[in-house]
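For chain Z, the structure is supplied; the task is to place chain X on it using the hints.
Chains as they are written, first to last, in UniProt numbering: chain Z, 1 to 435; chain X, 1 to 234.
Since the hints were made in silico from the structure, they are not lab data. In this text, a Cβ means the ideal position worked out from N, Cα and C, and glycines have one as well. There's no promise every hint is true.
[As the list claims (entries may be wrong)] Residues of chain Z placed beyond 10 Å of chain X at every Cβ, according to the derived structure:
1) Gly139
2) Leu159
3) Asn302
4) Leu429
[As the list claims (entries may be wrong)] Rough simulated footprint, nothing fancy, chain X against chain Z, three-plus residues with beta-carbon under 8 Å:
5) 5 to 18
6) 346 to 360
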Amino acid sequence: MRNFSYYLRLSLHNIKRAPLPYALTLVILSIGLGVFFSNATLYYWMNRDPLPEQSHTLFFPRINAVEQACDSCLTPLRVLSYKDVQKLSNSAIPSAQAGMFQSGGYARLPNTQNGPTPVSIRVTQRDFFELFNAPFLHGQTWADNDARMELILHYNAALKFFGRTDVLGQQLLLDGELYTIVGVLDNWQMLPKLYDVNNGLAITPVEEIYLPWETAYNLGIKSNSTTQSRDSRNYNENFAVNGREGEFYQAQFWVKLDTPAQQDAYRQFMDNLVASEKEAGRHPRPNGNLLHNMLDIAEAFNERNRQLDAFAVVSVLFLLVCLFNASHLSLNRYMASQFEFSLRRALGASRLQLQGQLLTDVLVNGVLAFVLALLFAVLMLLLINQLLPATSALNNWQPGLILLMFGVALLASYLVTLYPAWRASYSPLNQQLKA
Amino acid sequence: MIHITQLNKVFRTELIETQALHNINLSVAEGEFVALTGPSGSGKSTLLNILGTLESYDSGDYQLDGQSVTGMTDSALSALRNEKIGFIFQSFNLIKDFSIYDNIELPLRYRGFSAAERKQRVEQALERVGLAGRRSYLPGQLSGGQQQRVAIARALAGSPRILLADEPTGNLDSLMARQVMELLEQLNREGCTILMVTHDPEQARRAGRHVQIVDGMLSDATVYQPLVAQAVNQ
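If we strip away everything but chain Z, and leave its shape as in the complex, we get (with noise of 0.2 Å):
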């Protein structure tokens, strides 16, 4: 400790010594640390297990039940129908399990002149909550898979609405039906939102608000994302019968098993599904089940964002490139210090006593960069926001986040100083020490 503190001194000291070299250094490194946070910062939350406790349990099951016949269509839709959902519902193997889709609409107070507010909305059953840890703060939810004029909503949505949570038993009027508050979730978020990843949702904000599966069927409320009609029937009439008995594509499906035999149960289950079907005279078209697991959902469905994976790849060239140019600086910097380092080795430094230094001096650039470039990461945020509007649920740093940030810095910081500092002190003793 003694020894550190004298060690930091020097290096604090031979940073005044030569102020414009070591800043000019200080700053090429931290603006390439400073792009590679923001972007990993952005793949982190792209690329993180957000439900890490259940997520190997979580599944979407993919039927290719379109009713049109068709031998070389092998892949099923990313969406299901109504009596996909139905038909995959059945099964007991499952310990949770809901359809849902997401969509929009206008809400407001009733009583009240303010006008409506435009809210999102998912579309859902009561196992959605289970399925994705969504915790409740007041009430709970549905008793049933049944139609009911009941909501939940997200902590925001009760703020934004009312101004306070606990507002179970309260009425709000979606798209001109009057609704009874059930529930309210805590502040929850899911990111990235894996349970839809339809058209690159997976990094918007959960829903602000919950309503009912059979509700939205009888109210004809539909998909605000993806949707697909496979029929000649017209869904903007009836849809409480057409949307349910016609082919009409647009929800997903997720269903929880716990166990690998739970797992091979249910591919056996879908395999029987789909020979009954045919037995049938249904599912005209091969059998092409699928069952994704949450984490490969989004490359099964081809929503990775590759733009993000293209700046990944930038960012680590440009940190590259920085690490060459500041290490070249640094060069400059220590070469010029070789007179000191071999008078220290010559009254009686060694080596080892010479790295600590040296690895001081890491320590202090490790710092330094690391704040810097803490600094230019939220800059270059900001702008990947504005270019990227999707990713500006992706902004935040978590402990271990920034941990793992540091842990760069530090590591750039050794690697700019390792070749010179070694250079430096690797020179022959005689020559330096000479008039």
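Coordinates of chain X only, in the frame set by chain Z:
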């Protein structure tokens, strides 16, 4: 104190080999003041660097204070330099933006002394070279002679077994050179072993023994002939 036998040093480049030192044999006893002279390029600085373990040698043996230097690790050599050798360089080799105190303290930092012991040793060394009042000065604020005295204080602070001085007055005017030589003589009288490289015959005569090196070989005529005895003969 110093005992070297059959010591050889060759400088190699891609094109030529230069035999810098050839079968050198030299002993320096404790308390001696030895002057090493020779023309430019004769190998005297190379020999001094080897004695100071700043440079390696190709063959032969070198024993310092009864300890063979041959085959020592880098950290052992560093400790040896730090504990047993005090260096005085022609160009002083002080760190310009360190205070006099910090310069003298520098080798003590690597010795593991406590802060109190370092302070005591630096103060004593400054007293010894007559610069007690200048501890907070920067080297640039002192004359050349004073800077060399600071360098001598730095060499003395660690209580070395031997002082190796490489033309310690080479950058000084005659008055300052005389003062530095007087200081070295005084240190020698107090029991300090000194080996000094010099060009100056006058200074060589003031040493207790004069050893000459020519073309990498010690001259037999002058080896082991104390100048005091020479003076009596003359």
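Hints and how they fare:
no. : hint       : verdict
1   : Gly139     : holds, 67 Å
2   : Leu159     : holds, 60 Å
3   : Asn302     : holds, 58 Å
4   : Leu429     : violated, 4 Å
5   : 5 to 18    : holds (count 3)
6   : 346 to 360 : holds (count 8)
When each numbered hint is compared with the structure, a violation occurs for hint 4 only.
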